[in-house]
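Generate the whole structure from the sequences, applying the supplied hints.
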Amino acid sequence: MTHAPQRATFYELQAKNRLNSVLVLVAFFAFVAFLGLGLDWFVFGEMLGVEGGPTVPFFTLFGLAWGAFHAAVSWFGGARQVLHSTHARPARPESSPAEKQFVNVVEEMAIAAGLPVPKTYVVPDDDPNAFAVGRDPEHAAIAVTEGLLAQLDRDELQGVIGHEMSHVRNLDIRALTLVTALFGATVLLSDVARRGLSSRHGRHGSWRSSDNDRGGGGGGMAILFIAWMLVAVLAPILARFLAMAVSRSREYLADASAAELTRNPLGLASALRKLDAAHEPTHQISQGSAHLCITDPRGLRVNERDGAFADWLGTHPPIARRIALLEGMAGVLTPSGESPRSG
Amino acid sequence: MIGLILLGIVVLFVVWLVGQFNGLVQLRNQVQNAWAQIDVQLKRRSDLIPNLVNTVKGVMKFEQETLEKVMNARARALGATSIAERGVAEAEVSQGLGRLLAVMENYPELKSNQNALQLQEEVTATENKVGFARQFYNDVVMKFNTAQQTFPGNVIAGMFNFKPSDFLQVPEADRAVPKVDLSLS
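Residue numbers (the working numbering), protein chains in the order written: chain A, 1 to 343; chain B, 1 to 185.
Among the hints, a few may not be true.
What the hints assert, rightly or not - Pair by pair, the computed Cβ-Cβ distance ranges are:
#1 I2/B <-> V56/A: 35 to 41 Å
#2 R240/A <-> M159/B: 48 to 54 Å
#3 I237/A <-> M142/B: 39 to 45 Å
#4 G79/B <-> R89/A: 58 to 64 Å
#5 F241/A <-> P108/B: 55 to 61 Å
#6 Q149/B <-> A150/A: 43 to 49 Å
#7 F76/A <-> I5/B: 55 to 61 Å
#8 I2/B <-> A65/A: 39 to 45 Å
#9 P116/A <-> D47/B: 19 to 25 Å
#10 L224/A <-> V18/B: 43 to 49 Å
As the list claims (entries may be wrong) - With a cut-off of at most 27 Å between alpha-carbon atoms, the simulated BS3-like pairs for lysine-lysine come out as follows:
#11 K57/B <-> K43/B
#12 K57/B <-> K100/A
#13 K100/A <-> K119/A
#14 K111/B <-> K57/B
#15 K69/B <-> K43/B
#16 K119/A <-> K43/B
#17 K111/B <-> K274/A
#18 K274/A <-> K100/A
#19 K43/B <-> K100/A
#20 K111/B <-> K143/B
#21 K119/A <-> K274/A
#22 K69/B <-> K57/B
#23 K111/B <-> K100/A
No wet-lab data here; the hints were simulated from the structure.
Just so we're clear, the structure is a prediction, and the values are computed from it rather than from any experiment.
Glycine included, C-beta positions come from ideal geometry on N, C-alpha and C.
Listed below in structure tokens is the structure:
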């Protein structure tokens, strides 16, 4: 990134991020549907000997049902499962001043967001990190590591909790649950598709003969078929890019909302700087929960680098860019009022 | 056939109107709820003050005046008969507590006193909660007023006589007499 941090109000950023998230979710749905319909049309229909696929799009429905099933499982049991897998324990405000402060800050942010106070958990790990779970604000919980409480001052902690509270308020956990479930469905469908293709290949001997079988379908169908085949093979990778894109846009949105809640973007910016400096894998937080954390717990350098490659692969945007955006917001939030926007 | 289509349009319009109206009512209730939340936080703060004063008054000999001011302002806030009067008193409590927090740093005895440290965190949290409750109130008022002033909310608001709510003004620290408009008209 060579251009100066953009000056955008958190309201503008929120609107933009919401739109992006919706677009990506729609793309994800279309993607699963395309994969499933193709499977019905080219493979299952062929197996049954029905021209144009079966009347009931079996694989499409199966893929969506599979996704829905996984979404339901994590919907009802996901929060408990994540907390359990990270060895989180309920915060003890009576016995530890640091945890008392943590609980206080969570209450403050809940008031600022106008939400019920989430449950508070502490993860016994020295690496500073934080995450939120729960399908809606009524069932939400916020967990921080002991390392985070030890290293951040009050303003920085407030920024981090504001970020997590935004995940709760913006229903990010719900969106990411959906994405994870659809991601599973995509991988499954793609697997079935590849098996179907190889069996079909075996029966007909060559692609050309199978195209000829379809007769009237002609060249258009062949092109569509090749496109579908490419998508089926590349599906897991493409789905991963989409999932990461949702995760990243949600992180930007949570940063922007945290600034709205605390009215102090510099607190979070300073916290991110400390988290960046202390970057080592958070051992207690496993792969599956990475997208829930304030910074990537796996310590992947890909999240730190800038450029196209990092843009595509990380669950989190580069910390430097997040800091720059927050500091840009601080420029707009100074008491002098509206400052002119620059490109 | 045309009659049916017209009926459909009318039904859709009524449903839409009801939705718009309910949205405004919902926002108005949110404004009232946010207002009540400020009260809840002010009450918490009021309960905390005697405890705070008892803990620090032996040590902070040079701040007796500040302590007294906080206690007096609290008493006036509790006994206030009008919202405006209470607003002024609560603002004075805030000022006094802010000053106490600032000078507590100068007392080494307090810094090593676990009880005092806990109180310091408690006062900070309490002041923040009051502040964030006010901020949330203003955020909701902004939403409510924007909904009333933009199309089509402005038409509905006019038809059903919705009134914009007032923002809470934050007193500037350097004003001699803090003026807080707490009235919810």
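Worksheet item: Can you give the numbers of the hints that this structure goes against, from lowest to highest?
Response: Hints 4, 7 and 20 are the ones this structure does not satisfy, whereas the remaining hints hold.
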